[in-house]
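K.L.:
What follows is each chain in one-letter form.
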Amino acid sequence: MAQPAGLLYSKEHEWLKLDGEVATVGITEYAQHSLGDIVYVELPRVGAEVTQFANIGVVESVKAVSDLFTPIGGEVVEVNPELESDPALVNREPFAGGWLFKVRVADVGERDNLLSPDGYEELIAAG
Amino acid sequence: MYTPHTAPDIAAMLSTVGVASLDELVRVPPAVALKEPLAVPPGLAEVDLQRLIADYASKNAGVSYTSFLGAGAYRHYAPPVIASLAMRGEFLTAYTPYQAEVSQGYLQAIYEWQTYVSLLTGMDLANASVYDGATALAEGAIMAVNATGRRGVLVSRAVHPNYRAVLGTYARGMELDVEEIAVAADGTTDLALLAARLADGRFAAVVLQNPNVFGAIDVPDDAARRAIEASGTILIGVVAEAMSLGALTAPRSWGAQIAVGEGQSFGVALAYGGPYVGFIASTKEHMRRIPGRLVGRTVDTQGAPAYTLTLQAREQHIRRERAISNICTNQAHCALIATIYLAAVGGSGLRRCATLNVERAHALAERVTRVPGFSRRFAAPVFNELAVRAPAGLRPSSILAGLQERGILGGVDLGRWYPEFSDSVLMTATELTTDADIDALGAALDAIVAGRKEPARA
Numbered sequence: 001m002a003q004p005a006g007l008l009y010s011k012e013h014e015w016l017k018l019d020g021e022v023a024t025v026g027i028t029e030y031a032q033h034s035l036g037d038i039v040y041v042e043l044p045r046v047g048a049e050v051t052q053f054a055n056i057g058v059v060e061s062v063k064a065v066s067d068l069f070t071p072i073g074g075e076v077v078e079v080n081p082e083l084e085s086d087p088a089l090v091n092r093e094p095f096a097g098g099w100l101f102k103v104r105v106a107d108v109g110e111r112d113n114l115l116s117p118d119g120y121e122e123l124i125a126a127g
Numbered sequence: 001m002y003t004p005h006t007a008p009d010i011a012a013m014l015s016t017v018g019v020a021s022l023d024e025l026v027r028v029p030p031a032v033a034l035k036e037p038l039a040v041p042p043g044l045a046e047v048d049l050q051r052l053i054a055d056y057a058s059k060n061a062g063v064s065y066t067s068f069l070g071a072g073a074y075r076h077y078a079p080p081v082i083a084s085l086a087m088r089g090e091f092l093t094a095y096t097p098y099q100a101e102v103s104q105g106y107l108q109a110i111y112e113w114q115t116y117v118s119l120l121t122g123m124d125l126a127n128a129s130v131y132d133g134a135t136a137l138a139e140g141a142i143m144a145v146n147a148t149g150r151r152g153v154l155v156s157r158a159v160h161p162n163y164r165a166v167l168g169t170y171a172r173g174m175e176l177d178v179e180e181i182a183v184a185a186d187g188t189t190d191l192a193l194l195a196a197r198l199a200d201g202r203f204a205a206v207v208l209q210n211p212n213v214f215g216a217i218d219v220p221d222d223a224a225r226r227a228i229e230a231s232g233t234i235l236i237g238v239v240a241e242a243m244s245l246g247a248l249t250a251p252r253s254w255g256a257q258i259a260v261g262e263g264q265s266f267g268v269a270l271a272y273g274g275p276y277v278g279f280i281a282s283t284k285e286h287m288r289r290i291p292g293r294l295v296g297r298t299v300d301t302q303g304a305p306a307y308t309l310t311l312q313a314r315e316q317h318i319r320r321e322r323a324i325s326n327i328c329t330n331q332a333h334c335a336l337i338a339t340i341y342l343a344a345v346g347g348s349g350l351r352r353c354a355t356l357n358v359e360r361a362h363a364l365a366e367r368v369t370r371v372p373g374f375s376r377r378f379a380a381p382v383f384n385e386l387a388v389r390a391p392a393g394l395r396p397s398s399i400l401a402g403l404q405e406r407g408i409l410g411g412v413d414l415g416r417w418y419p420e421f422s423d424s425v426l427m428t429a430t431e432l433t434t435d436a437d438i439d440a441l442g443a444a445l446d447a448i449v450a451g452r453k454e455p456a457r458a
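In order, the protein sequences belong to chains A and B. Take the first sequence: its letters are residues 1 to 127, numbered as in the working numbering. Take the second sequence: its letters are residues 1 to 458, numbered as in the working numbering.
Hints are supplied without guarantee of correctness; some may be wrong.
Stated by the list, open to error - Each computed SDA-like pair below joins lysine to any residue, with the alpha-carbon atoms no more than 25 Å apart:
no. : chain 1 : residue 1 : chain 2 : residue 2
1   : A       : K17       : A       : G6
2   : A       : K17       : A       : R92
3   : B       : K284      : A       : A31
4   : A       : K102      : A       : V65
5   : B       : K284      : B       : T369
6   : B       : K284      : A       : R104
7   : B       : K284      : B       : E112
8   : A       : K102      : B       : R289
9   : B       : K284      : A       : S85
10  : A       : K11       : B       : A227
11  : A       : K17       : A       : D107
12  : A       : K11       : A       : R45
13  : A       : K63       : B       : S103
14  : A       : K63       : B       : A306
15  : B       : K284      : B       : G373
16  : A       : K63       : A       : G6
17  : A       : K63       : B       : G149
18  : A       : K63       : B       : R226
19  : B       : K284      : A       : G6
20  : A       : K63       : B       : A323
21  : B       : K284      : A       : E82
22  : A       : K63       : B       : L311
23  : A       : K63       : A       : A5
24  : A       : K63       : B       : E101
25  : A       : K63       : B       : L309
26  : B       : K284      : B       : G149
27  : B       : K284      : A       : E12
28  : A       : K63       : B       : M287
29  : A       : K63       : B       : A227
30  : A       : K102      : A       : E21
31  : A       : K63       : B       : A100
32  : A       : K63       : B       : Q302
33  : A       : K11       : A       : S85
34  : A       : K63       : B       : R319
35  : A       : K17       : A       : A31
36  : A       : K102      : B       : E101
37  : A       : K11       : B       : R319
38  : B       : K284      : B       : A306
39  : B       : K284      : A       : E84
40  : A       : K17       : A       : S66
Please keep in mind that the hints were generated in silico from the structure rather than gathered at the bench.
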């Protein structure tokens, strides 16, 4: 399964899309599939300062509760308003409508700590 | 020595670990070992023990006193139906109902409790209960801290001091910054100070108690509510006297997003201060942050109504270190008692009882303030208790001692908690306070003021 190009990935199964100084963050297809039906997503507050790889929220599915980490540091500028009423959007469209939050990136160099699509594919292939 | 193991069990275990005796297994250093048997009397026959304990019990004087005590623990009538139902073995032996298929009765009772608390506070949901009102306040403050990401909690000085003390204990561990708002001249929270304190937006919560510790109606006015909302601060409404919910507007209607309080007034025995039953209720927005058990209603595979614990991802048995609270135990049996009480009296009964409390407190105020030198300490309207200022030269402690000699527990010396109000006594009347009780108190105060001593009541 090829991972979408143009994105960066974390070992915690988040993806990141850089658009200028703002990064959009979500969880991967692999992550949503592993979690199963998602019933609740606890997101950081808009305005919160987050550091790369910090625990900033929770994804709750019918079978597990998993911590959510941010793949990059900065200020949270937006959270996906759809997820409060429709958390299963993360299952249906993990790379599109099911995005989680956006960060104004503090240090764009932090992306060097993330994986390429091929690197992430190797990670999940290794299990 | 009592141990739960039989002699053959012990012998088998000793032989497994390779020692000859229990004394060899557990060696107490001679320096600390007991040299002679404890001076404990031998065991008594059951009937002798009953006589002894009955003799001790007869030394309790409390029940023969006429009481005007309140201040967070209230004397109310408990209909006998409560004991008949709540003392059923099925309820007494039940533990936390994790296993829904064998716990439908208790789960339904807790669900009804949550429903009553939601209705009485005006909130969207309530939990299965916590230890007591003070714990409920501390947990409510944590909800607000988690919701806002702020560390400050602004608490009215008119919130019960015991509640503030428990909040302070939690705050130390969590490194929260708890600050006080002063009491205005009329005995309510000084709302004029509030807006200025909120301006910099560093408080997660504002905590007001209604009625407050002085019995006074203490809710925010429109300006205070606007200031609270504009600063993004969460208003926590404390209800230490749940009976008041039968007569006063619900916390939600005066702007609270989180309501916490004590349910003892609903049929739970005074019992020296506990066990009582705390409640927490909130708007739906804070549903995921409410601590402790939540019972939900659903349908089973046959479509019949069924109850189960729900939203457990918040709890410590799912996420130990990241749980929203490490409070786990609820006061299920006390909550059951309160639920039966509310079901028995019903909405109109609760309203009538609460109204009677107001009426009794006003009768008390009227009589006490006819005693020369006694006056209402504060002008604010009250529910069922009031601060009474003693005449100059008569200390509350000596008044209360004089009343006690006459068989009357007159109230709480406010100086115990408030040095600035050390001239005053907090007195409480409930539906159980009779005209005769009030007359007796009035006559005793008259006598104390006149410097006369009447013979103590038998």
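K.L.:
Please go over all the hints and tell whether each is borne out by the structure.
P.N.:
For each hint, the structure was consulted:
Using a Cα cut-off of 25 Å, the hinted pair K17 of chain A and G6 of chain A holds, with the two alpha carbons roughly 7 Å apart. Only pairs whose Cα atoms come within 25 Å are accepted, and K17 of chain A paired with R92 of chain A is accepted, the gap being roughly 19 Å. Using a Cα cut-off of 25 Å, the hinted pair K284 of chain B and A31 of chain A is violated, with the two alpha carbons roughly 29 Å apart. For a cut-off of 25 Å, the pair hint linking K102 of chain A to V65 of chain A stands: about 22 Å separates their Cα positions.
Restraint check for K284 of chain B and T369 of chain B: not satisfied, since their Cα atoms lie roughly 46 Å apart, outside the 25 Å limit. Proximity of K284 of chain B to R104 of chain A is assessed by CA-CA distance (about 30 Å); at most 25 Å being required, the pair is judged violated. Only pairs whose Cα atoms come within 25 Å are accepted, and K284 of chain B paired with E112 of chain B is accepted, the gap being roughly 18 Å. At most 25 Å may separate the alpha-carbon atoms for a hinted pair to count; K102 of chain A and R289 of chain B meet this at roughly 23 Å.
For the hint linking K284 of chain B to S85 of chain A, the alpha-carbon distance of about 13 Å falls within 25 Å, and the restraint holds. Taking the CA atoms of K11 of chain A and A227 of chain B, the gap is near 45 Å; set against the 25 Å cutoff, the hint is violated. Of the pairs offered as hints, the one joining K17 of chain A and D107 of chain A holds, with about 15 Å between alpha carbons and a cut-off of 25 Å not exceeded. Taken as a hint, the K11 of chain A and R45 of chain A pair is honoured in the structure, with Cα atoms around 23 Å apart against an allowance of 25 Å.
Pair hint K63 of chain A plus S103 of chain B holds up; C-alpha atoms about 23 Å apart against a cutoff of 25 Å. Among the hinted pairs, K63 of chain A with A306 of chain B is consistent with the structure: their alpha-carbon atoms are about 21 Å apart, no more than 25 Å. Straight-line distance between C-alpha atoms of K284 of chain B and G373 of chain B comes to about 50 Å, which puts the hinted pair past the 25 Å bound. Proposed proximity of K63 of chain A and G6 of chain A is contradicted: the alpha carbons are some 31 Å apart, above 25 Å.
With a C-alpha separation of about 28 Å, the suggested pairing of K63 of chain A with G149 of chain B is violated against the 25 Å cut-off. Using a Cα cut-off of 25 Å, the hinted pair K63 of chain A and R226 of chain B is violated, with the two alpha carbons roughly 42 Å apart. Proximity of K284 of chain B to G6 of chain A is assessed by CA-CA distance (about 39 Å); at most 25 Å being required, the pair is judged violated. This hinted pair checks out: K63 of chain A and A323 of chain B have alpha carbons roughly 17 Å apart, not beyond 25 Å.
Pair hint K284 of chain B plus E82 of chain A holds up; C-alpha atoms about 17 Å apart against a cutoff of 25 Å. For the hint linking K63 of chain A to L311 of chain B, the alpha-carbon distance of about 12 Å falls within 25 Å, and the restraint holds. Taken as a hint, the K63 of chain A and A5 of chain A pair is broken in the structure, with Cα atoms around 30 Å apart against an allowance of 25 Å. Of the supplied pair hints, the one linking K63 of chain A and E101 of chain B holds, its CA atoms being roughly 20 Å apart against a limit of 25 Å.
A threshold of 25 Å between alpha carbons decides the hint, and for K63 of chain A with L309 of chain B the separation of about 15 Å falls inside it, so the pair holds. Proximity of K284 of chain B to G149 of chain B is assessed by CA-CA distance (about 18 Å); at most 25 Å being required, the pair is judged to hold. Between the alpha carbons of K284 of chain B and E12 of chain A the distance comes to roughly 31 Å, so the proposed pair goes past 25 Å and is violated. Simply put, K63 of chain A and M287 of chain B have alpha-carbon atoms about 20 Å apart, close enough for the 25 Å limit, and the pair holds.
Of the pairs offered as hints, the one joining K63 of chain A and A227 of chain B is violated, with about 42 Å between alpha carbons and a cut-off of 25 Å exceeded. Of the supplied pair hints, the one linking K102 of chain A and E21 of chain A holds, its CA atoms being roughly 10 Å apart against a limit of 25 Å. Between the alpha carbons of K63 of chain A and A100 of chain B the distance comes to roughly 18 Å, so the proposed pair stays at or under 25 Å and holds. At most 25 Å may separate the alpha-carbon atoms for a hinted pair to count; K63 of chain A and Q302 of chain B meet this at roughly 23 Å.
Restraint check: the Cα-Cα separation between K11 of chain A and S85 of chain A comes to about 28 Å, which exceeds 25 Å; the hinted pair is violated. Between K63 of chain A and R319 of chain B the alpha-carbon distance is near 13 Å, which keeps this suggested pair within the 25 Å criterion. Annotation: proposed proximity of K17 of chain A to A31 of chain A holds, straight-line Cα distance about 17 Å (limit 25 Å). Proposed proximity of K102 of chain A and E101 of chain B is contradicted: the alpha carbons are some 44 Å apart, above 25 Å.
For a cut-off of 25 Å, the pair hint linking K11 of chain A to R319 of chain B stands: about 21 Å separates their Cα positions. Proximity of K284 of chain B to A306 of chain B is assessed by CA-CA distance (about 22 Å); at most 25 Å being required, the pair is judged to hold. At most 25 Å may separate the alpha-carbon atoms for a hinted pair to count; K284 of chain B and E84 of chain A meet this at roughly 12 Å. Distance restraint check for K17 of chain A and S66 of chain A: the Cα-Cα separation of roughly 22 Å lies within the 25 Å cut-off, and the hinted pair is therefore satisfied.
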